[in-house]
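Peer 1: Residues per chain are reported as follows:
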Amino acid sequence: MESALASGLQGLFLGITHLGWDHVVMIIIGSLLLYLGIRKGYEPLLLLPIGFGAILVNIPLTGFMEEEGFLRFFYDIGIRTEIFPLLIFVGIGAMTDFQPLLENPKIILLGAAGQFGIFLTLLLALAVGFDKLDAVAVSIIGACDGPTAIYVSSKFAPHMLGAVSVAAYSYMSLVPLIQPPIMRLLTTEREKKIVMGAAKRPVSKTAKILFPIVVTVFASIFAPKGAPLIGTVMLGNLMKESGVVDRLKSASENEITNIVTLLLGLCIGATMEAAKFLQKETLIILVLGLVAICLDTVMGLLLGKLMCLLTGGKINPLIGAAGISAFPMSARVVQAEGQKYNKKSYLLMHAMSANAAGQIGSVIAAAVMLSVLAGMGII
Amino acid sequence: MRIDDRYLLSSISLFDQVPLKEEEMDIWTFGFTVALIGMGGTMLVLWLMSLFILLLKKIFPYQAEESTAKKG
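Chains as they are written, first to last, in numbering that gives the first Met the number 0: chain A, 0 to 378; chain B, 0 to 71.
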């Protein structure tokens with residue numbers, strides 16, 4: 000009887016006896032993510048489930064990520080198979096209006112420059128000692144695009160998925176803090192004050208419907224390994240522009256995206272087990288992620304300056320900073336920054352074009368990278 | 000450091016090369032090849048895309064559609 004009581008009591012305290020300092024640290028980190036999401040409003044849709052997932056998986060003996068564990072099940076069916084990020088892409092496509100980009104297609108080049116941080120960070124990651132595929136996963140934070148980062152890192156460096164995803168989403172939400180100092184530093188007073196003319200050039204419905212089809216076929220031929228990324232975004236956009244499948248469009252941008260976001264966030268949080276996350280490598284990933292987004296901004300601004308020069312001062316280089324995928328946050332930052340220097344300057348529509356280009360650019364950059372890796376026999 | 004031309008060519012999937020073995024390549028050749036082709040490829044694809052958009056707008060102009068709607 001006594002031994003039965005003792006073993007029963009022991010069962011109650013097993014959790015406490017297995018609780019290490021590293022679990023406590025991870026629970027604090029999970030709580031910090033919850034704080035950032037709830038109190039600061041930084042990407043709450045993702046940081047809340049990620050934070051909670053991180054807490055759950057770091058409570059000893061819960062077995063969430065063991066075989067047949069609750070979160071392991073969703074991880075296996077949604078992240079290992081890359082289905083979750085792709086479903087999110089369908090929703091993003093259904094929510095995104097590419098009209099500003101179609102109105103002003105020259106601006107699309109800014110969306111390419113805004114991805115150069117990915118490739119420059121790849122070199123930095125290799126320099127600090129990451130192996131090839133790990134470096135690819137770290138560099139993709141520079142896409143400033145959560146689902147792309149998840150897609151690539153879950154494919155090539157699943158052990159880094161938690162750190163890469165947290166970095167991607169955290170920095171995306173910090174764009175209003177990260178970009179303005181770089182914008183001020185790299186543009187002259189005269190450039191900041193440039194007033195850009197109206198960009199309103201209406202686009203026919205037929206062109207809007209054909210756009211996602213043409214982009215899918217064309218970009219997938221050039222970068223076939225990225226076809227799932229491009230195809231899903233454009234499928235969502237085709238549903239939106241066609242106007243004939245409102246129910247599917249609505250389901251993609253609401254129910255499907257919401258359910259997948261919840262499960263995706265939980266699963267990412269579940270990869271943040273103490274033993275895997277509390278490493279020097281994680282800190283380096285966070286630093287390199289920040290560098291990647293800074294480099295994106297720098298490269299976008301530099302191309303903006305070049306375009307300004309080539310057009311005889313008709314383009315305000317500030318819109319180059321919006322060539323990243325953080326939509327529409329980055330465009331708003333550009334508008335606010337432009338207004339500080341010239342009250343008559345309305346850069347929002349131009350910045351939205353660059354920002355929409357950045358959304359396509361991030362997917363294309365990832366697709367190109369995957370195809371380059373495949374061509375080199377790395378994947 | 001010199002980037003081997005074979006890597007540059009093999010990284011462009013358009014030119015159906017036999018993939019090189021990973022162990023043949025040092026990290027810097029890998030890094031610079033991916034960075035160069037990646038940046039160039041992204042820029043090229045998006046530039047061509049902008050041309051496609053212009054073409055689409057030329058073939059299907061807004062005004063033509065509007066006048067058709069008025070007739071209907």
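Incorrect hints may have been included.
Calculated pairs, BS3-like style, for lysine-lysine (alpha carbon to alpha carbon, straight line, at most 25 Å) [unchecked claim]:
id, chain 1, residue 1, chain 2, residue 2
1, A, 304, B, 57
2, A, 342, B, 56
3, A, 105, A, 39
4, A, 105, B, 57
5, A, 191, A, 342
Please keep in mind that the hints were generated in silico from the structure rather than gathered at the bench.
Peer 1: Sort out which numbered hints this structure fails and list those numbers smallest first.
Peer 2: Result: hints 1, 2, 3 break, sorted rising.
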